Amino acid sequence: MTKILIVDDEPFIRQLLELTLEDLEDEGVELLTATNGEEALSLIKNERPCLVFLDVMMPKMNGFEVCNIVKNEIGMTDIYIVLLTAKGQEFDKEKGREVGSDQYMTKPFNPDEVLAKAREITVRQLHTTCKTPIL
Amino acid sequence: MAKAVIKKLLAKPEVLTLVREICQAVRLPVCICDCEGTMLFGDPYGDQFFSRTISINSEDNVIGTVKGGEDCTIVASTLQYMVNAEFERTALGRETLEKYREISMLCDLGAKIGSCMDKKEVIKIITGEIRTMLTADIIAVLLCDDNDAIIEIISDDGSDGDLLITSLEPGELVENFLVTAAPEIVNDLTADSRCTGSPQIFSSMMCAPLKIQEKTVGYVCVGSLDKREYPARDLKLLTTLSDQTAVALEKALLYNRLKETFFAMVRTLAETIEKRDPYTGNHTKRVVDYSLAIAEGLELPEEYFLRLELAAALHDIGKLGVRDDVLLKNGPLTNEEFVQMKRHPTYGEEILKHIKHLKDVIPGVKFHHERCDGKGYPLGLKGDAIDITARIIAVADSFDAMTTDRPYRKALSLDVAFNELIKFSGTQFDSAVVKAFLSAQVQEKLGMRAHGRSNTDA
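Chains as they are written, first to last, in the numbering used here: chain A, -18 to 116; chain B, 70 to 527.
Keep in mind that the hints were calculated from the coordinates and are not lab data. A quick note: this is a predicted structure, and the numbers were derived from the prediction, not measured. Do not take every clue at face value.
[Unchecked claim] Just a few of them, taken from the derived set where beta-carbon distance is under 7 Å, the chain B residues facing chain A:
1) ARG89
2) TYR169
3) ILE172
[What the hints assert, rightly or not] DSSO-like cross-link-like pairs, simulated, lysine-lysine; straight-line CA separation at most 27 Å:
4) B/LYS425 / B/LYS344
5) B/LYS411 / B/LYS328
6) B/LYS193 / B/LYS280
7) B/LYS168 / A/LYS88
8) B/LYS320 / B/LYS188
9) B/LYS425 / A/LYS88
10) B/LYS76 / A/LYS(-16)
11) B/LYS81 / B/LYS181
12) B/LYS492 / B/LYS479
13) A/LYS98 / B/LYS168
14) A/LYS98 / A/LYS(-16)
15) B/LYS181 / A/LYS98
16) A/LYS52 / A/LYS98
17) B/LYS320 / A/LYS26
18) A/LYS(-16) / B/LYS81
19) B/LYS328 / B/LYS354
20) B/LYS181 / B/LYS284
21) A/LYS88 / B/LYS305
22) B/LYS328 / B/LYS422
23) B/LYS305 / B/LYS280
24) B/LYS425 / A/LYS(-16)
25) A/LYS52 / A/LYS41
26) B/LYS354 / B/LYS181
27) A/LYS98 / B/LYS479
28) B/LYS296 / B/LYS168
29) A/LYS(-16) / B/LYS77
30) B/LYS296 / B/LYS284
31) A/LYS74 / B/LYS181
32) A/LYS41 / B/LYS344
33) A/LYS52 / A/LYS88
34) B/LYS425 / B/LYS354
35) B/LYS77 / A/LYS26
No residue lacks a Cβ here, since even glycine has one placed at the ideal position from N, Cα and C.
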């Protein structure tokens, strides 16, 4: 099953992202949410989402750390990670590259952009899954 | 989505616990089903106790049912309350997402039109954005002159913006907009007394003024063929967009004025030298025309043409620094006088160097008397070391000098002048430039006869 993980410590941001992506739910995509970095990491390991919208500024483990572990330490490089950063806050592009993130978006995010990205990645996922031989 | 609300609610642990506790508190079993009758919660074998079925609704649609004994109403009421709250929360979320969309659009728009210096381009961008944000059949920008008369209508899809105005003839409504200078929604044009035009093409419209320093310079209009109820928030959005447009338009306007002033100043400078040496009557203009035709023949990039035009217009500006008795002398110059005369390209540089925007123009002015063989002045540069602008102007300038009357001789015929260019091609003149000048294409453009064309393979 195709899964998308939403990670943010602010409940209304999670809700808005879920709302943005709810059309995909009807198409059979499962939306998962996490409220902090640690929870996100365990969901990523267990549920293997194809796409993660990951807030940068979070207590305990921030988005950069989570991304770095996923991409560089446990080598789950095929998971597409979009870092979410607050507008006006200077995004450290160098750091974003270092931790292996695929993209970053600023909050308040553009819902159309988020949905388009999610569609692109889930379609790609579907495509590669079909191509992979069963045995 | 609506159908799945109950299922989603029950998927939340805290909701499930609450429902479970309430159900335990009532005497008989309770079950909760979705609108298709699938049981989401409860005892599937409790049928015999179900004396009541209460539906859970959302906006007049049944989205599920609660079944149980008489006192299952408490479960139904609680669930209904949670469903309502969930819908309100979702509605608020959608509203917020809509705002997010607007914020993103405005941010992008600011970046896009902020760097735009062209009026039409600004309007194209803004109408394009309005198209994505609002429902409309036509989006047009009306620009007015100082007397509030409409001078220009630009619509987004290139369609006839006049249609909008025709629809409003005799335009009382539009005139009214211009007088009040306030944004307005007219959801029923046929019912509006100011709208006396025959027969109405548009049913509903919105207008927002474009104000530059308190003055209304135009309107952004949105029209719908079918009758619509544009809400106040649409007008608010339109007003925000028109305010941004006005700022960008003002900037474009100021930029264009600055540019106009600059070119007027260059023309003035060029004119001063023409007036000083009237014998050359219109020499400057012809050198500009010849130079541009040559550049076209050489297929030089478009962005280069302005630089060439300015340099050609100003090539002799340094002659302002040459004494009258030398500049206007009616006869051959002495050696000393010729030395004087040869300083004019350098004087040109000295005059123009104070204008930063003319920096690229200076080489064309300073070196237009250099020769490809290095025997020119002021520096004796050779071949490609001479700026291409100067090489072009050299040919244009010499050709015009040969073909016009001078104090000391009559004009040469075009044939003779062409042959002179060919003769000195590669020594005095750049051969590629001469070749371009003599090409059929350039000759045709300049309206010259085909003289000497058989000899153009110089």
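Taking the hints in turn, this is what the structure says about them:
For the restraint placing B/ARG89 at the interface with chain A, the shortest Cβ-Cβ distance is roughly 23 Å, beyond the 7 Å limit, so the hint is violated. Restraint check, B/TYR169 versus chain A: the minimum CB separation of about 4 Å is within 7 Å; hint holds. Interface restraint check for B/ILE172: the shortest CB-CB distance to chain A comes to about 5 Å, inside 7 Å, so the restraint holds. This hinted pair checks out: B/LYS425 and B/LYS344 have alpha carbons roughly 25 Å apart, not beyond 27 Å.
At roughly 32 Å between alpha-carbon atoms, B/LYS411 and B/LYS328 are farther apart than 27 Å, so this suggested pair is violated. Between B/LYS193 and B/LYS280 the alpha-carbon distance is near 18 Å, which keeps this suggested pair within the 27 Å criterion. In summary, the hint linking B/LYS168 to A/LYS88 is supported, as the alpha carbons are separated by about 12 Å, within the 27 Å threshold. Among the hinted pairs, B/LYS320 with B/LYS188 is consistent with the structure: their alpha-carbon atoms are about 9 Å apart, no more than 27 Å.
Using a Cα cut-off of 27 Å, the hinted pair B/LYS425 and A/LYS88 is violated, with the two alpha carbons roughly 42 Å apart. For the proposed pair B/LYS76 and A/LYS(-16), the alpha carbon gap of about 19 Å is at most 27 Å, so the pair holds. Only pairs whose Cα atoms come within 27 Å are accepted, and B/LYS81 paired with B/LYS181 is rejected, the gap being roughly 44 Å. The suggested pairing of B/LYS492 with B/LYS479 holds, with an alpha-carbon distance near 20 Å, which does not exceed 27 Å.
Restraint check: the Cα-Cα separation between A/LYS98 and B/LYS168 comes to about 20 Å, which is no more than 27 Å; the hinted pair holds. The suggested pairing of A/LYS98 with A/LYS(-16) holds, with an alpha-carbon distance near 14 Å, which does not exceed 27 Å. In summary, the hint linking B/LYS181 to A/LYS98 is supported, as the alpha carbons are separated by about 22 Å, within the 27 Å threshold. Simply put, A/LYS52 and A/LYS98 have alpha-carbon atoms about 19 Å apart, close enough for the 27 Å limit, and the pair holds.
The hinted pair formed by B/LYS320 and A/LYS26 fails the criterion: a straight-line CA distance of about 54 Å is larger than 27 Å. Using a Cα cut-off of 27 Å, the hinted pair A/LYS(-16) and B/LYS81 holds, with the two alpha carbons roughly 19 Å apart. Using a Cα cut-off of 27 Å, the hinted pair B/LYS328 and B/LYS354 holds, with the two alpha carbons roughly 20 Å apart. Between B/LYS181 and B/LYS284, the direct Cα distance comes to roughly 24 Å. Compliance with the 27 Å bound is thereby established for this hinted pair.
Proposed proximity of A/LYS88 and B/LYS305 is supported: the alpha carbons are some 23 Å apart, at most 27 Å. At roughly 18 Å between alpha-carbon atoms, B/LYS328 and B/LYS422 fall within 27 Å of each other, so this suggested pair holds. In summary, the hint linking B/LYS305 to B/LYS280 is supported, as the alpha carbons are separated by about 15 Å, within the 27 Å threshold. The suggested pairing of B/LYS425 with A/LYS(-16) is violated, with an alpha-carbon distance near 59 Å, which exceeds 27 Å.
About 19 Å separates the Cα atoms of A/LYS52 and A/LYS41, which keeps this hinted pair within 27 Å; it holds. For a cut-off of 27 Å, the pair hint linking B/LYS354 to B/LYS181 is broken: about 38 Å separates their Cα positions. For a cut-off of 27 Å, the pair hint linking A/LYS98 to B/LYS479 is broken: about 75 Å separates their Cα positions. Simply put, B/LYS296 and B/LYS168 have alpha-carbon atoms about 25 Å apart, close enough for the 27 Å limit, and the pair holds.
Simply put, A/LYS(-16) and B/LYS77 have alpha-carbon atoms about 17 Å apart, close enough for the 27 Å limit, and the pair holds. For the hint pairing B/LYS296 with B/LYS284, the CA-to-CA distance comes to about 31 Å; that exceeds 27 Å, so the pair is violated. With a C-alpha separation of about 22 Å, the suggested pairing of A/LYS74 with B/LYS181 holds against the 27 Å cut-off. For a cut-off of 27 Å, the pair hint linking A/LYS41 to B/LYS344 is broken: about 80 Å separates their Cα positions.
Distance check on the hinted pair: A/LYS52 and A/LYS88 sit about 23 Å apart at the alpha-carbon level, within 27 Å; holds. Restraint check for B/LYS425 and B/LYS354: satisfied, since their Cα atoms lie roughly 24 Å apart, inside the 27 Å limit. For the proposed pair B/LYS77 and A/LYS26, the alpha carbon gap of about 24 Å is at most 27 Å, so the pair holds.
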